[in-house]
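Novice: Produce the complete structure using the sequences and hints provided.
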Amino acid sequence: MASKPRIKAGKAKAAGDVIEVKTLITHVMETGFRKGKDGKPIPRNIINTFTATFGGKEVFKVDLSSGVSANPYIAFYFKVPGPGDLEMTWVDDAGEKIVEKVPIAVG
Amino acid sequence: MDQRLKLEVVDRREFVVGGAAAAMLVALLGRTGTATAQDKQPTFDEAMKAIVGDKKADESQVDIKLPEIAENGNTVPYSVTVESPMSDDSYVKTVHVLSSGNPSPTIATFHFTPMSGKAEISSRMRLAKTQDIYAVAELSDGSIHVGKRTVKVTIGGCGG
Numbered sequence: 004m005a006s007k008p009r010i011k012a013g014k015a016k017a018a019g020d021v022i023e024v025k026t027l028i029t030h031v032m033e034t035g036f037r038k039g040k041d042g043k044p045i046p047r048n049i050i051n052t053f054t055a056t057f058g059g060k061e062v063f064k065v066d067l068s069s070g071v072s073a074n075p076y077i078a079f080y081f082k083v084p085g086p087g088d089l090e091m092t093w094v095d096d097a098g099e100k101i102v103e104k105v106p107i108a109v110g
Numbered sequence: 202m203d204q205r206l207k208l209e210v211v212d213r214r215e216f217v218v219g220g221a222a223a224a225m226l227v228a229l230l231g232r233t234g235t236a237t238a239q240d241k242q243p244t245f246d247e248a249m250k251a252i253v254g255d256k257k258a259d260e261s262q263v264d265i266k267l268p269e270i271a272e273n274g275n276t277v278p279y280s281v282t283v284e285s286p287m288s289d290d291s292y293v294k295t296v297h298v299l300s301s302g303n304p305s306p307t308i309a310t311f312h313f314t315p316m317s318g319k320a321e322i323s324s325r326m327r328l329a330k331t332q333d334i335y336a337v338a339e340l341s342d343g344s345i346h347v348g349k350r351t352v353k354v355t356i357g358g359c360g361g
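The listed protein sequences correspond, in order, to chains H and S.
With this note's numbering, the residue at position 28 of the first sequence is 31, and numbering never jumps.
With this note's numbering, the residue at position 108 of the second sequence is 309, and numbering never jumps.
Simulated from the structure, these hints should not be mistaken for lab results.
Treat the hints with caution; some may be incorrect.
25 Å max Cα-Cα, derived DSS-like pairs, lysine-lysine [said to hold, decoys possible]: (1) S:K241 <-> H:K43; (2) H:K104 <-> S:K250; (3) H:K104 <-> S:K319; (4) S:K250 <-> H:K64; (5) H:K60 <-> S:K250; (6) S:K266 <-> H:K82; (7) H:K14 <-> S:K319; (8) H:K16 <-> S:K319; (9) H:K25 <-> S:K266; (10) H:K60 <-> S:K294; (11) S:K319 <-> H:K11; (12) S:K353 <-> H:K64; (13) H:K82 <-> S:K256; (14) S:K319 <-> H:K64.
Specialist: The following block contains the structure:
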C-alpha cells in the first residue's frame, strides 16, 4: 500500500548543526472507524510507527494513531554528529515495513 | 428486532471462544448495536490521566501552531515546539498530541533524544469536529508541560 517515501533533509555545514528532515509517505491510514458498503467496519490499517536512527542509535520515533492524516507527513529535527546515513523506517498494521536511507554530508 | 440482532451477532461471533461470546453479546446489545470491531478507545480524560498522573502540569514552554479554523478536518497541518536546550542532561523525552473530540484521543506520540537537537515537529492531523488540541511534553527531569489550542472544524474528517 505504501510507496517509496519522499524525504528532504537540510544541509549541515559542520558537525553539531541541527537540520530539519521532512518526510512524506503514501498510505491510506484507514482508521477502523469507517464502515464499508456492506455495513461492516473496515479494519484499521495505519502506519503505527516511524523511527529514525543514525549509526544504529535512535534519533527520533513516532507512535502514530488513527488521528494522523492519510499520507503521513512528519518533519523533525536532527543534530548531525558527523557524516553518515540517516535510516528511517515506517511500519503499518499489516506488518509492511519500508526502510529508507538518506546520506547526510557535513560541509 | 431484538431477536434478529441477537442472531446476527451470534453468527458473526461464531469463532469466538464459547464463554466470552455470551459476555460479549450482552456488551454489544448494551451498546445499541452500533458497536464496531474496534477495541474500546479510552476517553480523552483517561488518556490525559495516563500521561500526567498525579503530577502537576506546567502551562508554559509548549507552543502549538494550528489554524484557528480548519476547513477540511481530513488534513489539518500543525506543529509543536517545546523550549528546551536538548542537551544530554536536559531534554524533551516525549510529546503527546491529544484531541478532546476525536474517536481516539491520541493523535500521535513523538519520542525525542538529545540527538534530535530541537524539540519541534510538524505533521498533519485528522479532526472529527471543533475541539481542543493538547500537547503534553514529558521532560528528562520528569516535569510535565502542557500546551492547548482550540480549533474550529468546518467539515469533520473521520469518515463513518
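Novice: If a hint holds in the structure, say so; if it does not, say that too.
Specialist: Do the hints match the structure? See the list:
Taking the CA atoms of S:K241 and H:K43, the gap is near 17 Å; set against the 25 Å cutoff, the hint holds. Pair hint H:K104 plus S:K250 does not hold up; C-alpha atoms about 38 Å apart against a cutoff of 25 Å. The hinted pair formed by H:K104 and S:K319 meets the criterion: a straight-line CA distance of about 21 Å does not exceed 25 Å. Taking the CA atoms of S:K250 and H:K64, the gap is near 22 Å; set against the 25 Å cutoff, the hint holds.
For the hint linking H:K60 to S:K250, the alpha-carbon distance of about 31 Å lies beyond 25 Å, and the restraint is violated. The straight-line distance between the Cα atoms of S:K266 and H:K82 is roughly 23 Å, inside the 25 Å bound, and the hint therefore holds. Taken as a hint, the H:K14 and S:K319 pair is honoured in the structure, with Cα atoms around 16 Å apart against an allowance of 25 Å. A hinted pair counts as satisfied when its Cα atoms are at most 25 Å apart, and H:K16 with S:K319 qualifies at roughly 17 Å.
As the CA atoms of H:K25 and S:K266 are separated by approximately 17 Å, the hinted pair is consistent with the 25 Å bound. With a C-alpha separation of about 15 Å, the suggested pair H:K60 and S:K294 falls inside the 25 Å cut-off, and the hint holds. Under the criterion of a C-alpha separation no larger than 25 Å, the hint pairing S:K319 with H:K11 is consistent with the structure, at around 17 Å. Taking the CA atoms of S:K353 and H:K64, the gap is about 29 Å. The hint is violated against a cut of 25 Å.
Restraint check for H:K82 and S:K256: the C-alpha separation of about 31 Å exceeds 25 Å, so the hint is violated. The suggested pairing of S:K319 with H:K64 holds, with an alpha-carbon distance near 14 Å, which does not exceed 25 Å.
In this structure, the hints that do not hold are numbers 2, 5, 12 and 13, in rising order.
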